[in-house]
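As you go down the protein sequences, you meet chains A and B in turn.
With the working numbering applied, the first sequence closes on residue 481, and no number is skipped along the way.
With the working numbering applied, the second sequence closes on residue 87, and no number is skipped along the way.
Rather than coming from a laboratory, the hints here were simulated on the basis of the structure.
Treat each hint with caution, since some may be false.
To give a feel for the contact side, a few chain A residues facing chain B, derived at Cβ under 10 Å [what the hints assert, rightly or not]:
| hint | residue |
| --- | --- |
| 1 | Asp-50 |
| 2 | Glu-88 |
| 3 | Asn-307 |
| 4 | Glu-331 |
| 5 | Ala-365 |
| 6 | Ala-373 |
It should be emphasised that the depicted structure is a prediction, and the values quoted were computed from it without experimental measurement.
Ideal Cβ positions, reconstructed from N, Cα and C, are used throughout, including at glycine.
Okay, here's what each chain looks like letter by letter:
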Amino acid sequence: MSELLALTALEAHRAMVAGELDASEYADAWRGAAAGDELNAYLWRDEGGDAPAIAVERPSIAPVAVKDIFCTEGVPTTAGSRILEGYEPPYTATAVRKLLEAGAPILGKTNMDEFAMGSSNENSAYGAVLNPWDRERVPGGSSGGSAAVVAGGLAPWAIGTDTGGSIRQPAALCGIVGLKPTYGAISRYGMIAFASSLDQCGPLTRDVSDAALLLAILQGGDRCDSTSVGLPKAPSLPDREDLAGLRFGVPGDLTSHAFDPGVRAVFESTLEKIESLGGEIDTVALPHAEHGISAYYVIAPAEASSNLARYDGVRYGTRAESSGDVIEMYERTRAQGFGAEVKRRIMLGTYALSSGYYEAYYGQAQKVRTKIAGDFENAFDQVDFVVTPTSPSVAFKLGEKTADPLAMYLNDFFTVPMSLAGIPAISIPAGLAEPEGGGPKLPVGFQIAAPAFAEQKLLNAAYALEQGIGFDARPEGVSNG
Amino acid sequence: MAKLARLGLSEEEVERMAGELSGILEHVDRIAELDLDEVEPTSHVVELENVLRADAPHQSLPPEVALASAPDPADGAFRVPSPQAEE
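Using the sequences and the hints, build the whole thing.
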């Protein structure tokens with residue numbers, strides 16, 4: 001059994017096509033593995049035939065774990081929030097529908113920070129997810145459940161969403177691959193909205209080839225999401241083995257800031273690896289990128305405060321007991337249904353959009369966004385890719401940053417600029433480093449960003465670098481993978 | 001602000017959040033110092049033409065399905081408490 005689960009999704013797919021692997025048997029093996037979840041990573045699992053609306057009659061590709069932010073007909077969909085407890089959507093998100101049509105069964109729905117707001121998964125109303133490398137540490141967020149199931153041998157691959165780093169950061173902290181595609185590459189229809197101008201669906205996988213395969217299934221324009229355009233060409237499997245002739249730009253404006261020495265050491269050795277594979281390392285200027293966090297924590301909460309207005313106890317979700325008028329019902333429902341971080345962001349966003357402050361906050365942040373996108377455009381005139389560490393630290397301890405929201409936000413320092421610019425970025429595991437304060441070594445992610453819609457080029461380079469790095473560490477006790 | 005956002009926060013929450021929000025706003029305020037008067041704001045990063053479709057009727061959710069998740073459906077509609085509280 002564990003031999004079956006040791007296959008990557010691509011290897012399994014090839015074995016199915018060759019008639020050497022029974023797809024239903026393989027999916028059942030994964031259902032068995034998922035049932036052993038001790039990480040609080042799944043909020044719902046298909047035990048077999050539990051959800052007729054999303055049943056796949058003839059599986060032909062590896063089953064997928066889906067972040068609980070994707071509406072799935074007849075299956076509980078909570079977005080990690082109390083306010084959607086018990087909600088079963090009447091329709092299925094396009095991304096999930098595409099998986100089903102490709103023959104990929106849904107293995108389960110994964111835990112997440114409430115409405116995707118968080119970098120540690122501690123903001124889930126259903127309890128924190130544990131990092132499979134060290135159960136006293138966070139898996140990252142907000143797609144922490146999706147990252148933990150892949151790293152922990154509870155799913156062959158998963159999908160998540162990334163608004164400011166929510167795929168890349170947990171992938172880095174769990175030692176797997178996470179790709180945020182170009183904004184518009186994948187439909188957002190049925191993906192519960194957090195910050196609509198930034199949200200993007202993407203794969204969390206064991207390796208770069210699986211990410212390419214999953215992206216090929218998910219991408220495409222959709223008439224139900226007018227901002228989706230798809231990729232110019234469906235990605236093919238990467239096969240590049242060297243980096244000759246490719247230029248990688250290190251943004252000194254970001255990497256000169258303080259971050260964990262262990263992460264820095266892995267980052268620098270990865271740059272050396274790029275050179276040994278024939279790539280060239282240059283310095284690029286992204287003078288406005290360091291203001292990314294400030295701009296992001298205005299724009300994202302502003303959009304969230306508007307998007308989350310729909311949770312009012314009228315059409316779906318929970319309603320609080322109230323003897324007063326409808327306004328009191330709204331206020332109580334939202335006070336009881338939302339957790340602390342969601343309330344904080346709604347307040348921040350409402351403030352940033354309020355009359356008299358709009359120009360100073362929201363208007364100014366949108367202008368910073370223009371400058372950051374321009375910085376990347378200039379950089380890509382000079383280099384093929386921009387590279388940074390994915391996260392300033394390895395996985396931190398549960399509870400370590402919950403008391404200080406700003407410290408938590410700074411986890412997104414390296415990932416937010418790419419989100420604001422709408423460009424694709426991938427995190428691949430690059431090595432292990434000791435956490436600050438000591439302890440067993442933990443995975444470090446290396447982020448590569450490319451111009452908009454250059455996913456194929458990005459995947460090819462990431463694949464070559466992945467082969468060169470040869471990262472093969474796994475959490476203790478995880479034999480598959 | 002909580003009133004505007006229809007969030008019934010407790011005294012204690014208001015107090016804690018006031019401190020947290022001023023810390024965050026202090027960080028955010030760094031962008032106030034940048035001279036961006038001539039810069040166009042970005043609301044959407046990918047250049048897109050408006051997408052239109054034919055104005056033709058198509059299948060939508062049947063009312064009973066749309067109401068299935070409502071906390072208090074009644075007579076084919078969503079029922080809410082009166083806008084005016086009873087005395």
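Numbers of unmet hints, in rising order:
1 and 3
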